[in-house]
Amino acid sequence: MKFQRLFLACTVGLALASAARAQLTVEITGAGANRLPVAIAEFTGERTVAQALTSVVRADLERSGLFRLVDAGGPLADSATPPYADLKARGADVVAGGSVATAADGRHETRVRLTDVQKQAVLGTPAYLHSGAQLRATAHRIADFIYEKLTGEPGVFSTRIAYVVKSTGRYELKIADADGANEQAALASREPIISPAWSPDGTKLAYVSFEAKKPVVYVHDLASGRRHVAANFKGSNSAPAWSPDGRQLAVVLTKDGTSQLYVVNADGSGVRRIATSSGIDTEPRWATDGQYIYFTSDRGGSPQIYRTASSGGNTERVTFEGGYNVTPRLSPDGKSMAFITRNNGRFQLALMDLASKQTQILTDSTKDESPSFAPNGRMILYATEIGGRGVLAAVSSDGRVKQKLSVQAADVREPAWGPLVR
Amino acid sequence: MRALISLSLAALLLAACGSQPPAPEQDPAGVESRKPGAVRVDTPPVTQVRPEQFDPSNIAALKDPKSPLSKRSIYFDYDSYVVKDEFQGLLGAHGKFLAANPKMKMLIQGNADERGSREYNLALGQKRAEAVRKALTLLGGREDQLEAVSLGEEKPACSESSEECWARNRRGDMLYSGEF
Chain P
1 MKFQRLFLAC TVGLALASAA RAQLTVEITG AGANRLPVAI AEFTGERTVA
51 QALTSVVRAD LERSGLFRLV DAGGPLADSA TPPYADLKAR GADVVAGGSV
101 ATAADGRHET RVRLTDVQKQ AVLGTPAYLH SGAQLRATAH RIADFIYEKL
151 TGEPGVFSTR IAYVVKSTGR YELKIADADG ANEQAALASR EPIISPAWSP
201 DGTKLAYVSF EAKKPVVYVH DLASGRRHVA ANFKGSNSAP AWSPDGRQLA
251 VVLTKDGTSQ LYVVNADGSG VRRIATSSGI DTEPRWATDG QYIYFTSDRG
301 GSPQIYRTAS SGGNTERVTF EGGYNVTPRL SPDGKSMAFI TRNNGRFQLA
351 LMDLASKQTQ ILTDSTKDES PSFAPNGRMI LYATEIGGRG VLAAVSSDGR
401 VKQKLSVQAA DVREPAWGPL VR
Chain W
1 MRALISLSLA ALLLAACGSQ PPAPEQDPAG VESRKPGAVR VDTPPVTQVR
51 PEQFDPSNIA ALKDPKSPLS KRSIYFDYDS YVVKDEFQGL LGAHGKFLAA
101 NPKMKMLIQG NADERGSREY NLALGQKRAE AVRKALTLLG GREDQLEAVS
151 LGEEKPACSE SSEECWARNR RGDMLYSGEF
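Protein chains in written order, with the working numbering: chain P, 1 to 422; chain W, 1 to 180.
What the hints contain is simulated information worked out from the structure, not anything from laboratory work. Note that the structure is a prediction, hence the values are computed from the model and not measured. Just so you know, even glycine gets a beta-carbon here, dropped at the ideal spot from N, CA and C. One or more of the hints may lead you astray.
[Said to hold, decoys possible] In silico DSS-like pairs for lysine-lysine, Cα to Cα no more than 27 angstroms straight-line: (1) P:K234 <-> W:K66; (2) W:K134 <-> W:K84; (3) P:K213 <-> W:K84; (4) W:K63 <-> P:K255; (5) W:K66 <-> W:K103; (6) W:K84 <-> P:K335; (7) P:K119 <-> P:K174; (8) W:K103 <-> W:K134; (9) P:K149 <-> P:K119; (10) W:K66 <-> P:K204; (11) W:K66 <-> P:K255.
[To be verified] Listing some non-contacts, in silico: residues in chain W with all C-beta distances to chain P over 10 angstroms: (12) A61; (13) S73; (14) Q126; (15) E154.
[Said to hold, decoys possible] Computed from the model, here is a short list of chain W residues facing chain P with C-beta under 7 angstroms: (16) V82; (17) S117; (18) R118; (19) E119; (20) A123; (21) L146; (22) E147; (23) S150; (24) Y176; (25) F180.
Modelling step: build the complete structure from the supplied sequences, incorporating the hints.
Have a look at this one:
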């Protein structure tokens, strides 16, 4: 029985992927230990809208790995009293019901009621006015609401991710919803694209493109599709990282010799050097509070992670264990750092608690690269390789919840998780 | 065109669903950057060059397979950014050519193998390009004729996960005006 269901899921995934050409599909490969049982009932009036609403809410919650979805037994309006005894018997701790009404202008009003089944207490009653085209977005916002009510942390279902898809002779910088839907290409090129980085307000991407036969840093406005060169000095220009206020970019330039750290204004003006070493300094990343810039350097003989005060001052080494620690990424709360470590010849995603320096390896793969935190800090998205093909994967910061995101017949790499949408 | 894409996609899908065994696991030993006691691998053979054999003012020589100037790649040892002696003759020929053709510019593209971080590999490729650039400035090239850049691991000459392949990717390529 279990096997059959697995097989079905596999074929559906394939069919969807080929129908949509190259849609990113998300597969859950591990879940949390204590998942909260929730029932998301079908909303009344939902069948009048073209797309399903509650199925997207359910898929979001399920994918987070923190919830176990329980069949609600039937539709439930936001105005109706939930069938508590029945829901208890089904094992649901929480239930969401709702209604979708269509106004004369064609817009929809979706009302939701989230209820604690044990306490028989209403947890919230949000309402959303939206067009038919915003149905999926509304579903993600409902899932965000439920997630935040039940976990105390903001949900990230309304966020977007950026990544690079490589197919034969073609590189595309793609933007998709966090569930892989609504994929759009921001840039297509015959030359490589690497290191996309979201501006803190989510309106722009900085990235490195090799279209000029050398690496050049661009800033790309997503709404208009317009872009400008942020760094194109003699030599190589790479590794853009936004300052927390979105006004500056830390970049790596080689105009004065080896790869070194500089800061430029986001419009490309006002370049200044921020660190000096005789070897390689690269992969800068601002800490959330802007105080420090973390980076990779081989100044001590092997690539290790260091940090320097962004106002100038002392540089200190952060990683000491092992001969290869690269690609620092700070958690949104600033308390931990994800990075890639070489462990017995395998490149794996690790997480360090910055206060205690305790480090945990989160994966069992061999070619992990480019970690990127979800804006609530719960999951880390990264690139890895399965069967010789590039895929994206996500793992929760406690290592329990695992997802795989892949595109059929193409390599996916260089993921970057966008900021919270407010 | 669209039908073609669909077809090739379908073919790829079919290929992905075939019964091919998975690619052999890459030997995870070490990163190119630092690993003591790494295996030394012979770099591809290079023609020994005698600088007097060619006319440095003849631009056509760049494309003549009999001319040393048609050779454009410098290969590096594992964990190394030192231009080996066997390439001094080739670099000498290009240095002479640059001196004889002051309007010619050269883009030197450094490359690294695929193991490890893309950005760190970009920095490693830069060190190789920089080594070639420095050698050429001592052999007749002017600073303003030369630019050293890196393609990191992004443009491998060889895409298998083998030591032989990685050796071919630890490389600096020289491109002249009109070629980049």
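A quick look at each hint next to the structure:
no., hint, verdict
1, P:K234 <-> W:K66, "violated (33 angstroms)"
2, W:K134 <-> W:K84, "holds (13 angstroms)"
3, P:K213 <-> W:K84, "holds (26 angstroms)"
4, W:K63 <-> P:K255, "violated (30 angstroms)"
5, W:K66 <-> W:K103, "holds (24 angstroms)"
6, W:K84 <-> P:K335, "violated (46 angstroms)"
7, P:K119 <-> P:K174, "violated (45 angstroms)"
8, W:K103 <-> W:K134, "holds (19 angstroms)"
9, P:K149 <-> P:K119, "holds (15 angstroms)"
10, W:K66 <-> P:K204, "violated (50 angstroms)"
11, W:K66 <-> P:K255, "violated (35 angstroms)"
12, A61, "holds (23 angstroms)"
13, S73, "holds (16 angstroms)"
14, Q126, "violated (5 angstroms)"
15, E154, "violated (4 angstroms)"
16, V82, "violated (15 angstroms)"
17, S117, "holds (4 angstroms)"
18, R118, "holds (5 angstroms)"
19, E119, "holds (5 angstroms)"
20, A123, "holds (4 angstroms)"
21, L146, "violated (10 angstroms)"
22, E147, "holds (6 angstroms)"
23, S150, "holds (5 angstroms)"
24, Y176, "violated (12 angstroms)"
25, F180, "holds (4 angstroms)"
Taken one by one, the earlier hints fail for this structure at numbers 1, 4, 6, 7, 10, 11, 14, 15, 16, 21, 24, listed in ascending order.
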